[in-house]
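Asker: Please take these sequences and the hints and turn them into a complete structure.
Protein chains in written order, with full-length UniProt numbering: chain A, 1 to 475; chain X, 1 to 107.
A few of these clues could be false.
[Claimed, not checked] Here are the simulated lysine to any residue pairs, SDA-like style, with alpha carbons at most 20 Å apart:
no., chain 1, residue 1, chain 2, residue 2
1, X, Lys-72, A, Gly-43
2, A, Lys-40, X, Leu-31
3, A, Lys-48, X, Gly-33
4, A, Lys-52, X, Ala-29
5, A, Lys-69, A, Asp-25
6, A, Lys-40, X, Thr-30
Note that these hints are calculated values from the structure, not bench results.
As a plain string of letters, each chain reads:
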Amino acid sequence: MQVVETKNEGLSREFTITVGADEIDQKVGAKLEEVGQTVKMPGFRPGKVPMKILRQRFGSSVLGEVLEKTVGESSQSALVDRELKPAMQPKIEITSFEEGQDLVYTMAVEIMPAITPVDFGTLELTRYKPEITDEEVQNALDELAKNNRATSKIEKDRKTQSGDVVMLNFKGFVDGEAFQGGEAEDFRLELGSGQFIPGFEDQLIGQKAGEDMKVTVTFPEEYGAAHLAGKEAIFECKINEIHEYTDRELNDDFAKELGLESLDDLRDQMRQRIESEYADLARARTKRELLDVLFDKHDFEVPPGMVQSEFDQIWEQFAKAKEEGQVDDEDKDKDEEVLKSEYRDIAKRRVLLGLLLAHVGDEAKIQISQEELQKAVFEQARRYPGQERQVFEYYTQNPEMMASLRAPLFEEKTVDYILELAKVNDLALPVDKLLESDDDGDEKPKKAAGKKAAAKKSTSKKGAAKKAAAKKDAD
Amino acid sequence: MSWKFLNKSTPSLERMYRVIVAPVITEKATLAGEHGAVVFKVAKDATKPEIKAAVEQIFDVKVKAVNTSVVKGKTKRFRGRLGVRNDWKKAVVSLEEGHSIDVGSGI
Numbered sequence: 001m002q003v004v005e006t007k008n009e010g011l012s013r014e015f016t017i018t019v020g021a022d023e024i025d026q027k028v029g030a031k032l033e034e035v036g037q038t039v040k041m042p043g044f045r046p047g048k049v050p051m052k053i054l055r056q057r058f059g060s061s062v063l064g065e066v067l068e069k070t071v072g073e074s075s076q077s078a079l080v081d082r083e084l085k086p087a088m089q090p091k092i093e094i095t096s097f098e099e100g101q102d103l104v105y106t107m108a109v110e111i112m113p114a115i116t117p118v119d120f121g122t123l124e125l126t127r128y129k130p131e132i133t134d135e136e137v138q139n140a141l142d143e144l145a146k147n148n149r150a151t152s153k154i155e156k157d158r159k160t161q162s163g164d165v166v167m168l169n170f171k172g173f174v175d176g177e178a179f180q181g182g183e184a185e186d187f188r189l190e191l192g193s194g195q196f197i198p199g200f201e202d203q204l205i206g207q208k209a210g211e212d213m214k215v216t217v218t219f220p221e222e223y224g225a226a227h228l229a230g231k232e233a234i235f236e237c238k239i240n241e242i243h244e245y246t247d248r249e250l251n252d253d254f255a256k257e258l259g260l261e262s263l264d265d266l267r268d269q270m271r272q273r274i275e276s277e278y279a280d281l282a283r284a285r286t287k288r289e290l291l292d293v294l295f296d297k298h299d300f301e302v303p304p305g306m307v308q309s310e311f312d313q314i315w316e317q318f319a320k321a322k323e324e325g326q327v328d329d330e331d332k333d334k335d336e337e338v339l340k341s342e343y344r345d346i347a348k349r350r351v352l353l354g355l356l357l358a359h360v361g362d363e364a365k366i367q368i369s370q371e372e373l374q375k376a377v378f379e380q381a382r383r384y385p386g387q388e389r390q391v392f393e394y395y396t397q398n399p400e401m402m403a404s405l406r407a408p409l410f411e412e413k414t415v416d417y418i419l420e421l422a423k424v425n426d427l428a429l430p431v432d433k434l435l436e437s438d439d440d441g442d443e444k445p446k447k448a449a450g451k452k453a454a455a456k457k458s459t460s461k462k463g464a465a466k467k468a469a470a471k472k473d474a475d
Numbered sequence: 001m002s003w004k005f006l007n008k009s010t011p012s013l014e015r016m017y018r019v020i021v022a023p024v025i026t027e028k029a030t031l032a033g034e035h036g037a038v039v040f041k042v043a044k045d046a047t048k049p050e051i052k053a054a055v056e057q058i059f060d061v062k063v064k065a066v067n068t069s070v071v072k073g074k075t076k077r078f079r080g081r082l083g084v085r086n087d088w089k090k091a092v093v094s095l096e097e098g099h100s101i102d103v104g105s106g107i
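Answerer: And the structure:
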């Protein structure tokens, strides 16, 4: 086997590999002998078929097999000999081969860049924490109280108002005929809630309890049931009772009703819940800043093939979004070329960070334990209530899907690892600050950051997956 | 002796192709091949001179000798009934030194 390097530019390498005819012949012979031991042929006892006849009969099919194997092995060994780590599957093109001739093929490969992470100890980062003000807790509690308020029947005789709850009997007719689902008794309807078709609730306002009345409405054109859409309907209605909301007071009784000790207890719980809600946000921001820093500090060449495939993916998403008319306003007026170059930058950034994180994680020997993976699967399963079992089975049966779960976990752990090493200043930020800070800074980084955040998962997923593939190959 | 053994003229080309039915590819036949002989399945009514002429013509070789034998068909049971497979004639053709036929590469 002879390997000639024909191109060495940046990260891309090209080789011309020649495998001698006798080498292939030898392999074919060995393979045939192996086949001959088991093959059954009329006129011969198994294992007694002469080589000549085997060659005639099976020569060409075995040759194909051997060729494939030879190409795989020789390309692999060429890479191993040169200690190159391919970033993607090498592109192999067979230049010439005929039976009894040398096999010549070219292999184009992009190698992994040499990554030297900066000393993470020198990084200065800010870890954000949500700071929940008492006001916000209070607001949340008020909301809770509002959602839990009770209604009570009003005793005095008065007309209905918006915001009242009425107990309603109704029966609907379209073209003089009652239709299905257009009838109920003692239906609890909050007036002004917009629960019924437009116009219906308005006509019930200003009525007294116990009176029979007629409500005429027109179903909207885009109504769910096609046979009713756009039709005029008459509802015979009777308001049985009028109820009114009574505000709940925030006190210990209310807390006890919710299964807690006291109002303070409730307050604490509420605060914790809000905090955990915003913790993700804070973490995302910390992570984004970390990635920004990492991106600034590292500049190594990334394999163009990976960037290209990443870019293709983004572009595909973008094209899809465009078709559905969901394009960011700021992108709307831009020229396609400009957009492309912007997205290309993003793709490059993703690949770079993906490779870097994969590298760091690998160096740090970050492992995803079986339990963690299991937990992630359960979390996924919980998203589809009622189908947990199917989801669970789906993941256990598809190792690829498992790998796709593993990647984000791996990334998170790697980020944690870097955060541990770096100098971290904790900073508590009020929630609105946390939210709005996305918008400061100039246009470009924000955009890149935002987009990246949205699709970051896929980046590192790819990086990790690729790394895994590379590893497998090395084995 | 029937008439066909008296007829000395060379058979027609068509007849030649009809005489040689197929090569016999078995362990025994390959063994014979190592001693410069080729084994054919031939027409039941083919004679040794006919076979010699046919092989010489079709494969462009020189034949030293032809030995023939009639292989009796096996008695086989099919759906409980006895049946007999057809008999066929086998010809072991010894070639002159330096000649060979690549069996299996077709005519």
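Asker: Hints first: check each against the structure and report whether it holds.
Answerer: Now for the hints, and whether the structure bears them out:
{"no.": "1", "hint": "X/Lys-72 <-> A/Gly-43", "in the structure": "holds, 17 Å"}
{"no.": "2", "hint": "A/Lys-40 <-> X/Leu-31", "in the structure": "holds, 18 Å"}
{"no.": "3", "hint": "A/Lys-48 <-> X/Gly-33", "in the structure": "holds, 15 Å"}
{"no.": "4", "hint": "A/Lys-52 <-> X/Ala-29", "in the structure": "holds, 13 Å"}
{"no.": "5", "hint": "A/Lys-69 <-> A/Asp-25", "in the structure": "holds, 13 Å"}
{"no.": "6", "hint": "A/Lys-40 <-> X/Thr-30", "in the structure": "holds, 16 Å"}
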